[in-house]
Amino acid sequence: MSILVVAKKDFQDAIRSKVFWAVSALFALLVVGLGAAYASFDLLNGGDPTGVGLAQFLASGITLFVAVTAIVVCNRAIAGERESGSLRLLLSLPHTRLDVVVGKLIGRTAVLAVPILGSLVVGAVIGGAIGGVFEPVPIVVTLGVALLFVLTYVGIFVGVSALTKSTTLALAAGVAYFLVFEVLWNLVGTIVILALNGFEPLGAGTPDWYYVFQNVPPSNSYSTVFNAALEATTDGTYTAAPPDTFYGTPWIGLVIMALWFVVPLAVGYARFSTTDL
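Numbers in the numbering used here are just positions in the sequence shown, counted from 1, shifted up by 1461.
To be clear, the hints were calculated from the coordinates, so they are not data collected in a lab.
Just to be clear, a hint being listed does not mean it is correct.
As the list claims (entries may be wrong) - Here are the simulated lysine to aspartate or glutamate pairs, DMTMM-like style, with alpha carbons at most 20 Å apart:
hint	residue 1	residue 2
1	Lys-1469	Glu-1596
2	Lys-1470	Asp-1560
3	Lys-1626	Asp-1560
4	Lys-1470	Glu-1544
5	Lys-1626	Asp-1737
6	Lys-1626	Glu-1544
Assemble the whole structure, with the sequences as input and the hints as a guide.
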């Protein structure tokens, strides 16, 4: 019960942010525009819009929004209350520190999930109406994997907020994470592969280990899992052929997303549970 009380209060507090609503409105316009653009472009060019194509088009707009918005929404989750002193008041009530972390996780996940899932549904309806096609299975897959992605990112940044003592540090850590894993990761991997190959053409292709390496960022894992889920629930083939190894499966993305969710939360809680306020 304490967890739900914390989650409800956290949701109500976070949902009041003007910055959040501004970014959410932009995302809604983006997704609705993507849905309409996909169907209109296909029809104007004599194409044949499909539910899978619409789902893939809508999903393409999720990663950057979730990454940026999670940093904005979650960096103050615990660090902000610690700075303002309201965390002492919260913990003076019958709430444990675990209640606070889990409650914040649930509350911030709900805050991000509402505009994301709502926008995807509206975009799917509009795109389906314009294109004359609406297949529920690809849309359900899109919503389900998007929710997993939101949960992963909220877990990362609630963990960071629990680990740090100030919102400045939490924000700096979030920005550093974004630059490393969402901006530089693939570039660095390509440079490493070329260096190992003496900066000669790769020939037959990339080494097997690069399949796991490129799925380390949650956004890449999300794309891999999304395409694998589409492939498993429809008749098409949407994933690139993985290497013939024990880890050569697109579902490795689920493992990586789970690690991103669990490890930062566990480290953040371990620090938060012992630190003086």
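Here is what the structure says about each hint:
{"no.": "1", "hint": "Lys-1469 with Glu-1596", "result": "34 Å, violated"}
{"no.": "2", "hint": "Lys-1470 with Asp-1560", "result": "12 Å, holds"}
{"no.": "3", "hint": "Lys-1626 with Asp-1560", "result": "18 Å, holds"}
{"no.": "4", "hint": "Lys-1470 with Glu-1544", "result": "18 Å, holds"}
{"no.": "5", "hint": "Lys-1626 with Asp-1737", "result": "10 Å, holds"}
{"no.": "6", "hint": "Lys-1626 with Glu-1544", "result": "7 Å, holds"}
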